[in-house]
Amino acid sequence: MSSLKFTKDHEWLKIEGDDTAVLGITDYAQNALGDLVYVELPSIGKGVKKGEHFAVVESVKTAAEVYTPVTGEIVAVNDDLSTDPELIKKSLEEGWIAKIKMTNADEMAGLMDQAAYDAFVKTL
Amino acid sequence: MKTTPLHAAHIALGAKMGEFAGYDMPLYYGEGVIKEHEWTRTHAGLFDVSHMGQMFVTGAGATAFWEHVTPSSFANIPGGRAKYSVLTNERGGTVDDLIVTRMGPDKFFAVVNAGCKDKDFPWLQSHLPSNAQMDIITDRALIALQGPDSERVIRDVLGFDASLMPYMWMAEHNDLLISRLGYTGEDGFEISIPERNAEKVWNAFMAHEAVKPVGLAARDSLRLEMGYPLYGHELDEDISAVEAGLNWIIAKDHTDYIGAEVIRAHLANGTEHVRVGVRLTDKGVAREGAEIRNEADEVIGMLSSGGYSPSTQASIGMGYIQAEYAETGHKIFVNVRGRNIAAEVCALPFVSAKTKSMKKKEAA
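Residue numbers (my numbering), protein chains in the order written: chain A, 1 to 124; chain B, 125 to 488.
Don't take each hint at face value.
[What the hints assert, rightly or not] Here are the simulated DSSO-like pairs of lysine-lysine, each with C-alpha atoms no more than 27 Å apart in a straight line:
1) 99/A <-> 49/A
2) 46/A <-> 241/B
3) 89/A <-> 14/A
4) 407/B <-> 90/A
5) 324/B <-> 336/B
6) 480/B <-> 159/B
7) 49/A <-> 407/B
8) 49/A <-> 14/A
9) 336/B <-> 480/B
10) 49/A <-> 101/A
11) 46/A <-> 122/A
12) 90/A <-> 101/A
13) 478/B <-> 90/A
14) 90/A <-> 122/A
15) 336/B <-> 89/A
16) 89/A <-> 324/B
17) 407/B <-> 126/B
18) 376/B <-> 159/B
19) 140/B <-> 89/A
20) 159/B <-> 407/B
21) 8/A <-> 243/B
22) 324/B <-> 243/B
23) 231/B <-> 241/B
24) 126/B <-> 99/A
25) 90/A <-> 159/B
26) 122/A <-> 140/B
27) 46/A <-> 89/A
28) 407/B <-> 89/A
No lab work stands behind these hints, which were simulated from the structure alone.
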């Protein structure tokens, strides 16, 4: 778990292998959104830039864009979310949204670790 | 921000609060919107709607007054009968929608939308004849109890037997005004309560096993499934009751009300755009403001409301569409974030009403 990184937009990111980031949204974001009813997934092969949204999570109340803190290419998406969007809330293993093959791992430098993110959430 | 007499009760229940029409209101409580929605459809949901505007209109001119500011007829309705109608403007558009209840020969009770009351009251006052008086009610809360268990809960909690009370009727019980109506499509009641007793009555209902509190988020998904218009979405100053498909509220042979000429023309000639139900046939969620497009990708309308329907587990909406596309079953697209999602025009409501003896389509 120590390899988990977080953004101020409440995404989590986990490195798999050398250069692949697995992305999802944090408990804080899940609680703020409430009941999830649909996840709009990106297509595999799509290029994404740091700061762009790569997925949209729809709750009963609102649509929330999910941003990537790293640049790269979508190499996998969690298709299970298209039939059960509430899986996002279960665990990192079941609730990840997409995997991005990074082209610039240096972009991760500004991300928070668990302790820093927990402290950040307390300020909200 | 303004608060209702039940604000402290919502905080104590751990409600997620949010701003609505200038009020700090509960959006949902602990279990979330879908659970609250389902509870209302299967048991009894308790809503605080005290932010809505309540008023009395009294006097010999009261009946004529309501017939001047709405397209409905109030002349021949008995005491206790409530009617849904709209306030019309000179352009035939809609100032607000409301429920007017005759309490006696010269006494009416009316409830208007929270977001409109600041404009409604001066509007109504300016059209009030000298032989009628309007009193804005500021010392009463309003709660709604909605769902199939409502009648039993009313009996258990208030000791009031509503079993013979039809839909769209009011009864006075002690200092409560109990109306059998609501905006969820379920059997249910709206209860006007003196402010000093509001929390006591709320807590008495909350103590019943069939009752759970429900916030404004589920109130919206419940009314959307019923295809009921919401002011600021399906109705506004530029939308007539005819465009909104509310022809049933317009009294035949009633010509002496504000905007009657325009309304009559809409009735006679039809309107360019009409309100329809929309159901997505592909995956996604369409929300208010999404463009409705035809197969040639031309914009033919716009969603006025949209969201997820817990009862049908589909994405549904309402919108205004060019009349030639309004036929039920017409294949359309809803554009969400630049992507066309397949949808179809469908009949309203999305879920059958379970109100006790549905009478709303009787002669207005």
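Output the numbers, in ascending order, of every earlier hint that fails for this structure.
-> 2, 11, 13, 16, 17, 18, 21, 22 and 24
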